[in-house]
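There are 2 protein chains.
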Amino acid sequence: MRVSSQQLEAFITRALVAAGISGAESKSIAELMARADLNGADGHGVFRLPQYVRRIKGGAVNLKPDIRVEREAPGMALIDGDNGMGHLVMRFATEKAIEKAKSAGVAWVGVKWSNHAGPASLYASMPIAHDMIGLYLAVGNANHLPAWGGIDMLLSTNPIAVGVPAGAEPPIVLDMATTVAAYGKVKTAAQRGEAMPEGWMIDREGRPLTDPRRADEGFLLPIGGYKGYGLALVFGLLAGTLNGAAMGRDVVDFNHDDTTPTNTGHAIVAISLAAFGDVADFKRRVDELVRDIRASKRLPGVDAIRLPGEQSHAKHEERMRLGIPLPDPLLKSLNQLAAGLGIAGL
Amino acid sequence: MRVSSQQLEAFITRALVAAGISGAESKSIAELMARADLNGADGHGVFRLPQYVRRIKGGAVNLKPDIRVEREAPGMALIDGDNGMGHLVMRFATEKAIEKAKSAGVAWVGVKWSNHAGPASLYASMPIAHDMIGLYLAVGNANHLPAWGGIDMLLSTNPIAVGVPAGAEPPIVLDMATTVAAYGKVKTAAQRGEAMPEGWMIDREGRPLTDPRRADEGFLLPIGGYKGYGLALVFGLLAGTLNGAAMGRDVVDFNHDDTTPTNTGHAIVAISLAAFGDVADFKRRVDELVRDIRASKRLPGVDAIRLPGEQSHAKHEERMRLGIPLPDPLLKSLNQLAAGLGIAGL
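As you go down the protein sequences, you meet chains A and B in turn.
Oh and the first sequence: position 196 is 293 in my numbering, straight run, nothing missing.
Oh and the second sequence: position 226 is 323 in my numbering, straight run, nothing missing.
To be clear, the hints were calculated from the coordinates, so they are not data collected in a lab.
Hints are supplied without guarantee of correctness; some may be wrong.
A pair counts as met if it fits within one copy or between any two copies, since identical chains are not told apart.
Derived pair list, reagent style SDA-like, types lysine to any residue, alpha-carbon separation capped at 20 Å [what the hints assert, rightly or not]: (1) K412 to D350; (2) K380 to R395; (3) K380 to G264; (4) K380 to R310; (5) K154 to P267; (6) K154 to R395; (7) K394 to R346; (8) K161 to V114; (9) K284 to E128; (10) K429 to A371; (11) K394 to G137.
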């Protein structure tokens, strides 16, 4: 079954209003969640709604947050999200970064007391419409990664996303975890009864772990070994520790906890192209680079060379036209949620 | 043989003065190059001196650059390095970023028309003494990396470095290429007649390439497959394209060219801890995290868990005490260089 993004947005809004969030704020969150589904970020859109509602009902999230600028200087701001829904906090923070970058050229906005905010690409992409590059970092909401050589899970899959405007070509949008596989992929493999490839996880003895039902007995592997560990660590320091948000042992596993605020930390940087030079010239050079890469000679068996964000862009076009596919188990869980909230289902 | 950093610095200064650079600027470059050797960045310190002198003599580098701020806003600056030695340009840029971050909280400084500037960690570490985090990105000076699935080498090993102040613990300093192995490691393996492990390089058919003497027939692999390709690409867009510096097909291979300016691009960001909160509290939390990580339970066979920069810090302590080791082939090449320049050798 497929639904239009409007239908999906209306459904999410109904659910959030029924859970106690104001109409305007519910609509703002729903718009971002449906956008995630439109863009193909299936594990970070409406899929998360039952969990969000569970945590709202558990008292883990503030329904009437006073999201505010706690500190500010010309090139930065620190946002206190007051434990509001992450989408509201990050929309506020990204708009602040864009506004400040108009005069400052570049603005770095740190965030504390936020919550899970959906896919990183949502926020890294927002500055693009303002002829700005967006750079986003976050502390993930569950530690699945030890330090390199260790087995205590002190780090999350701390992601980075970068959105870069192009001219005639679609923008370049990188959105990646610092682990080989995001934890959502492990969950999906478990649901489907599939084995994981070697390289995704190891167990506490260092042996490859390929049975996703045994995921609790092991942990994710970072990209490039100690390099990915280093990236997860410094992205966490920048998005978490710097802002007074949770990092390391203070990270709350929001998959197994419906009552504790996560104090999620993020960072969003807006970089104005106009501050650095001619905007049209920049976009022309990005287009050239994209075309050089796409026209590159290929390894045997490779059908096409893709740019970061290209597949997401194609999904967006397709889903705008045909609607967003909802697999049966997801549809069922959403309609169960609707019944529990006393609202119309999908 | 070991030399003190003072001896090494004096030698590099003599060589650069003999090559035509002013005394004060030669000393400034030599101090940074010797610091790289002190920190254990053996492939990025005095090892590069013969190549630098060759390119100076070939007219590829401007001996009397007018390094200047071309554009400026409260949160950023764009530096035109006027094709000066990379160390001079990056010292100027980093000092500018630190100065601006004192009032702006965060300052992002882009650089164009620079040259190879030694290890990334040199510049990411400079803000630490000012209670700031340093974040550095650069476009490498030779393309050894294709887009994922391609064989045209359109990307370099574009590195990232992040320096984070701690309290009683040494600072955290991550410095890494976005490829599994830096190209210098391939060269070292070739010199020593050793095979490379699978995973460093592949050939144009996609087969593992383990003979470093055949390196020209293949290319480096990015960390995490398409993820490392994505990182190399966006770091290059931020350090190169944004600043009007070389990127993609415009990158000059400075290993095989002594006459063409490279228009090397870098970015350095200085982030003031005081803008975000209490500095002592930040450092205490970094110390706690470092100790949690170090005390983590370990995988079988692992003797210690290390923080990024820890081994470099230990080398610095050792080399301050015992001097910097110079392997025979390096010493020989430096004394040949000295003879050619008519200066005293080591």
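Tested hints:
no. : hint         : result
1   : K412 to D350 : neither (30 Å within a copy, 38 Å between copies)
2   : K380 to R395 : neither (25 Å within a copy, 48 Å between copies)
3   : K380 to G264 : within (5 Å within a copy, 43 Å between copies)
4   : K380 to R310 : neither (46 Å within a copy, 40 Å between copies)
5   : K154 to P267 : neither (40 Å within a copy, 44 Å between copies)
6   : K154 to R395 : neither (52 Å within a copy, 38 Å between copies)
7   : K394 to R346 : between (46 Å within a copy, 14 Å between copies)
8   : K161 to V114 : within (12 Å within a copy, 66 Å between copies)
9   : K284 to E128 : neither (25 Å within a copy, 52 Å between copies)
10  : K429 to A371 : neither (48 Å within a copy, 50 Å between copies)
11  : K394 to G137 : neither (28 Å within a copy, 38 Å between copies)
Violated hints for the displayed structure, listed by number in ascending order: 1, 2, 4, 5, 6, 9, 10 and 11.
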